[in-house]
Amino acid sequence: MNAKLQNNNFSKRLKTMLKVDFRRMFTMPTVWIMLGVSLALPILILVMTSFMGGTTVNPQTGVEETVETFTNVWQAIGSAGGAMAMDLTSMCNINLLYFLAAIFVCLFVGEDFRSGYVKNLFTVRSKKLDYVLSKTIVLFVAAVGMFVLYFVGAMIGGGIAGLSFDVAAVGATAGGIVACMISKVFFALVFVSIALTLAVVGKQRLWLSILGSLAAGMLLFTMIPMMTPLNSGAFNVVLCVLGGPLFAVGLGAVSNVILNKTSLV
Amino acid sequence: MNAIEIRNLTKTFGEKRAVDGLNMTVPQGAIYGFIGENGSGKSTTEKLICGLIQPSGGEIKLWGKDYRDQTVRSQIGVLIEAPGCYPNYSVWNNMKLQAANLGIENEDQEIRRVLHLVRMDGAASNKFKNCSLGMKQRIGIAFALLGNPALLVLDEPINGLDADGMRIMREMLTNLSRRGTTVLISSHILGELEKIATHYGIIRGGKMLREMTAEELNANCPTFVALKTDDMQKARAILERAFGRVEYDEDHGELRVFGKTTAEDVAKYLFENFGIAVSEIRTAKINLEEYYIDLMQEGR
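If you read the sequences in order, they're chains A and B. Mapping of the first sequence onto this note's numbering: residues 29 to 293, in sequence order. Mapping of the second sequence onto this note's numbering: residues 49 to 348, in sequence order.
Simulated from the structure, these hints should not be mistaken for laboratory data. Glycine residues also receive a C-beta, built at the ideal position from the N, C-alpha and C atoms. Don't take every hint at face value.
Which residues of chain B face chain A? A few of them, derived with a C-beta cut under 7 Å, are [said to hold, decoys possible]: (1) 104; (2) 105; (3) 109; (4) 112; (5) 116; (6) 124; (7) 126; (8) 128; (9) 130; (10) 138; (11) 140; (12) 145; (13) 149; (14) 207.
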């Protein structure tokens, strides 16, 4: 048998790689757990904090203190104005998903290296760009799913907790919230690409990529409310819709170089 | 045309030279037995061929093209060290992923075909992590066979296989080779390798020590007369004076007389001149394992 040397063009290679990644993602229990957590998290946060009644007892001093809890369901999505306050509503909102998404990226990519599956992938693929691009797309889709489910969960949780749905009360508009969600979803590409690059650097060392991603996430965490406030406008949308993919392209190129220059097994 | 051509290949890990100016030629359709001690650079060379690690220098060509060329890479099936499967996925789902990776159209049919080839039809629904070592090895071979690759790179594929598994493996590789598939196979089980290999490459310290065909190996392996007597020490001294090279083989507890002589001549010489009776005598040939051990000892 002579080798059937066929020229697999970029689109065919990307198509097969996407097929592998999507098929794997939807047969992976972790993705369903992550999506479930994304849905359950806002319900738990909103319902549980509503039971706190706005007060808590400091265990050290025994003094009753007032806690800024959720009064409006949109606080679970973000805050208007863009500045991040150090209170419960600012810390426990949809922005937590960026960390969850980063952990999922590390688990998804790390498993390729830990299981040795990369041997199968890269023996028949010399272009590492297919891998980076496919992973970015698939993990972005997963992140979008997580954000959508969090949004749905927030609505359900808000309903159960009896919170206000008044948009104006939080200084936003319906359009602003839509723009905010679009901005947040595209901003996820920044976290996805950072975690992807760190996962490629860490390879089998999952702990390294997870810790790195969380550390990078902490550095970026204060930026998120500024980039994606609840009253987002066209500027925020354009910034995130263009900036997110551009950032992903830049870091994707770095991941590609790392894969090309380092040992894969 | 040669399926693999390697020139001056070098791979260093820090100070250590794992592969040191290696030259290697694997003709199309050959079953190339790649032999060497632990740490001699076999697996590293195989990983380099498959593009899993980057060479520090030298050239690798597959069917005359650079090994990084996408057109040649899609023609390689690989089993290096352990099979690369997701442990929590079933064997079937793992194979579906690889079939998608290869862009195979009739995925289910192809997966059934390769699982049948390695007699693992019944294991498709098992989680990979629950498979035994031998089963994993067979599944790894099935993985490598997906999509009918023109080049198979198999690192220690018969480790953990039972007798039946080894037989199936032998038959399968021989059939594939007849159809033109090139097989690069490394193994420490030289007896098994000798049954199927058409070419050999012996590597030491990252350098190719010797490359030869099975016919050349056969010609290089001397025949000898093996015998047993009651007084081996005395017989050895006598035979050494008369025939030159005589060795005592501890494994078989026999004396081996090398050179152009026959069993009859040796027995007659001992009995007629010294009254030493021979209890067992046969003519045999050095096998691959013995040849390899001799070669390794020569270099030390």
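Minimum beta-carbon distance criterion (7 Å), residue 104 of chain B to chain A: At about 12 Å, which exceeds the 7 Å cut-off, the nearest Cβ of chain A leaves the hint on residue 104 of chain B violated.
Holds or violated: is the Cβ of residue 105 of chain B closer than 7 Å to a Cβ in chain A? Nearest chain A Cβ about 15 Å off; hint violated.
Using the nearest Cβ pair, does residue 112 of chain B come within less than 7 Å of chain A? For residue 112 of chain B, the interface hint is violated, since the closest Cβ of chain A sits about 10 Å away, which is over 7 Å.
With 7 Å as the cut and Cβ atoms as the points, is residue 207 of chain B at the interface with chain A? violated, 15 Å
Chain A contact restraint for residue 109 of chain B - C-beta distance below 7 Å: Since the shortest Cβ distance to chain A is 12 Å, the answer is violated.
Under the criterion of a CB-CB separation shorter than 7 Å, is residue 128 of chain B in contact with chain A as hinted? Nearest chain A Cβ about 6 Å off; hint holds.
Interface hint compliance - residue 138 of chain B to chain A, C-beta minimum distance less than 7 Å: The hint is violated - residue 138 of chain B has no Cβ within 7 Å of chain A, the shortest such distance being about 9 Å.
Let's test the interface hint: is any C-beta of chain A closer than 7 Å to that of residue 126 of chain B? With a closest approach of 4 Å, the residue 126 of chain B hint holds.
Less than 7 Å between beta-carbons is the criterion; does residue 116 of chain B satisfy it with respect to chain A? Nearest chain A Cβ about 5 Å off; hint holds.
Proposed interface contact between residue 145 of chain B and chain A, which counts if any beta carbon pair is under 7 Å: holds, 5 Å
Min Cβ distance, residue 130 of chain B to chain A: is it shorter than 7 Å? Given a least distance of 6 Å, the restraint on residue 130 of chain B holds.
Hint check: 7 Å Cβ-Cβ cutoff, residue 124 of chain B to chain A: holds, 5 Å
Violation of the numbered hints given earlier is confined to hints 1, 2, 3, 4, 10, 11, 14; the remaining hints are satisfied by the structure.
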